[in-house]
Amino acid sequence: MEKILANNRKIWEKAFVASRLRDADFSTMSGIALQPVYGEENSEYPGQFPYTRGPHASMYRSKLWTMRMFAGFGTAVDTNHRFKEIIRAGGDGLSTAFDMPTLLGLDSNDPMSEGEVGRCGVAVDSLADMEDLYSDLDVSALTTSMTINSPAAVILAMFVAQAEKRGIHRSELGGTLQNDILKEYQAQKEFVFPPRQAMRLVRDTIAFTNAQMPKWNSISISGYHIREAGSTAVEELAFTLANGFAYIELGLQAGLKIDEFAPRLSFFFNAHIDFFEEIAKYRAARRIWARWMRDRYGAHDERSMKLRFHTQTAGVSLTAQQPENNIVRTAIEALAGVLGGTQSLHTNSMDEALALPTEKAVRIALRTQQIIAHETNVAHVADPLGGSWYVEALTDEIERQAEVIFAEINEMGSGSMLDGVIKGIEDNYFQGRIADSAYKLEVEFGKGKRIVVGVNQFLEGNEDDSIDTLEITSADEERQLKRLDHVLRSRNQAQVDEALAKLGREAADPTVNLMPSLIDAVSTYATLGEIMSRLVGVFGRHVEVPSI
Amino acid sequence: MAKVGLDGHDRGVKIVARLLRDAGYEVIYTGLFQTPDSVAAAAVDEDVDVVGLSMLSGAHMMLVPKVVQKLKDRGVDIPVVVGGIIPKKDIERLRQVGVSEVLTPGANAQEVVAVIERAISNHRMGAPVERI
Chain G
0 MEKILANNRK IWEKAFVASR LRDADFSTMS GIALQPVYGE ENSEYPGQFP
50 YTRGPHASMY RSKLWTMRMF AGFGTAVDTN HRFKEIIRAG GDGLSTAFDM
100 PTLLGLDSND PMSEGEVGRC GVAVDSLADM EDLYSDLDVS ALTTSMTINS
150 PAAVILAMFV AQAEKRGIHR SELGGTLQND ILKEYQAQKE FVFPPRQAMR
200 LVRDTIAFTN AQMPKWNSIS ISGYHIREAG STAVEELAFT LANGFAYIEL
250 GLQAGLKIDE FAPRLSFFFN AHIDFFEEIA KYRAARRIWA RWMRDRYGAH
300 DERSMKLRFH TQTAGVSLTA QQPENNIVRT AIEALAGVLG GTQSLHTNSM
350 DEALALPTEK AVRIALRTQQ IIAHETNVAH VADPLGGSWY VEALTDEIER
400 QAEVIFAEIN EMGSGSMLDG VIKGIEDNYF QGRIADSAYK LEVEFGKGKR
450 IVVGVNQFLE GNEDDSIDTL EITSADEERQ LKRLDHVLRS RNQAQVDEAL
500 AKLGREAADP TVNLMPSLID AVSTYATLGE IMSRLVGVFG RHVEVPSI
Chain V
0 MAKVGLDGHD RGVKIVARLL RDAGYEVIYT GLFQTPDSVA AAAVDEDVDV
50 VGLSMLSGAH MMLVPKVVQK LKDRGVDIPV VVGGIIPKKD IERLRQVGVS
100 EVLTPGANAQ EVVAVIERAI SNHRMGAPVE RI
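If you read the sequences in order, they're chains G and V.
Okay, so the first sequence: first residue is 0 according to numbering that gives the first Met the number 0, each after it adds one.
Okay, so the second sequence: first residue is 0 according to numbering that gives the first Met the number 0, each after it adds one.
A couple of the hints might just be wrong.
Unchecked claim - Straight-line alpha carbon distances no greater than 25 Å define the calculated SDA-like cross-link-like pairs of lysine to any residue that follow:
#1 K88/V with S465/G
#2 K88/V with K448/G
#3 K69/V with G314/G
#4 K65/V with M111/G
#5 K448/G with R10/V
#6 K448/G with V112/V
#7 K359/G with D89/V
#8 K87/V with K448/G
None of these hints come from the bench; they were simulated from the model.
One chain only, chain G, in its complex shape (with noise of 0.2 Å):
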């Protein structure tokens, strides 16, 4: 740990008492009075540099974490009940997960969409199932966010282009688009365009969000998928944030200043089952990106510095075997995301093995996150193991392997992070480390050398297989059909062609910055396969070498 002068505890107090608190009472169930956060005089503290303990002074005490359930299924207008369910039973944002089809820019009556329309999220054709997916829901109030990346420029102009169709400026939107397009050719594979190709992307989503949507998180650059590929938890962090240190040059390149931009990009960690090292994780994340940002890039603004992240728990590690033990796993990897100091978290459902979840399991989820928030008492604390011999070891440990991977990518990309991670997509570095540790996994369970409850040792009760789960049907296909047929042929047609031609011209041209293009083609009904065929056109299409 960093060698600290002044008394710290005097400096956080200072931060402190200026924080609005929530109205609550921090005391143990019993009336000990809780100090917000334990450690010595000079010890470090949650908001000051690097951040190790939490990004701000107060912590949960003055907001808890945001309970922002993922959801999405079917039609839009599936999903949009969907979403008043959950913000009825509590969560209070919202996160939206597209299917298959949209995710990779193919409209759902597109011959590869047959059979999988609607069935792993919501399909989302043009600005009408936007405008169906938001309907009734005050987007200004809640903060939004949307799990989509080769397409993400488009879906946030369509989330835009319905907002504002409904008198809610773009300024006033808040919320995050995922669009980490480095961490696609890596791990969750909804590429489209060639990696280079698909940064620039990035890049006028960074710069028009910048300029215009100053509550909007222009990436959420994710570890989350890293993770569930088959990666260990330090290859989670530091390929995570290695193309967050490529994200960065990619907005310097672009002649944004890093104090203009840093500050709202944020990011997505795995709460997996190894419950100590993912806190630990979480800790040296934020001291790694405090460092690097003020260090190598020069920021001076410590919202630059401070790493904020959003947590879902680990889907890779519930079962389909025994499933209402996945309640308990989904739990405990929730409590190491808050004792973690998330800011923002989603819990999965039991039936996460099997299918999409039953609105029960979502509510189960959501509760699990509650009773934590609300009768566990560990929000009262910041950073509450912060001092435990065993997690500042495992912090530094954690912290220091990273460091030898940057180094590695440092050097294939000749001092650019940047071009480091492009040449390691390129020469597979992400991907084979990710399948020998997923790999390494597999062979130890195999062995017996890890035990997973249900599946390899503790398997009475499979048998018992009595869940109901959640069943998408061709159906739910049929009807997305007929409201994109009914689009095609309610649109003029002109429109459609003359947005579409002008955002060719303007994709061509690597200077202009096609956010505005896309909002013109998007509110013309301009489907997202057209746009997407239209931008493949010119950026090319990336072909993925097979590797095992």
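Given chain G, work out where chain V should sit, using these hints.
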């Protein structure tokens, strides 16, 4: 081993491919976003003994029968094994359209290899299993 359709989750298919390779099989992985046609073409070109499909997106009832059909259209009789997120009620339906075996979550390496061997040997109706 193939990923057919839009599902990009490839952790499982890569692990199974390695498990089989380590068990002595020669494994060809097609990569992502294959169509039923491209899977059948690859199976014929590579003269495989079995086709393994990884399906996690819920699109299996649409895509798997098409793979089986495309193989038939090409005049080859190669057993198809499906693994992934397959609801219990669909397992029998898949068998009815010609799938040899279905592997669901939790199958370990031994089970995977055993299922592949069984698919091949059942198909040859008792002929000895040859490994490349």
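Which numbered hints fail: Per hint list: 2, 3 and 8 violated.
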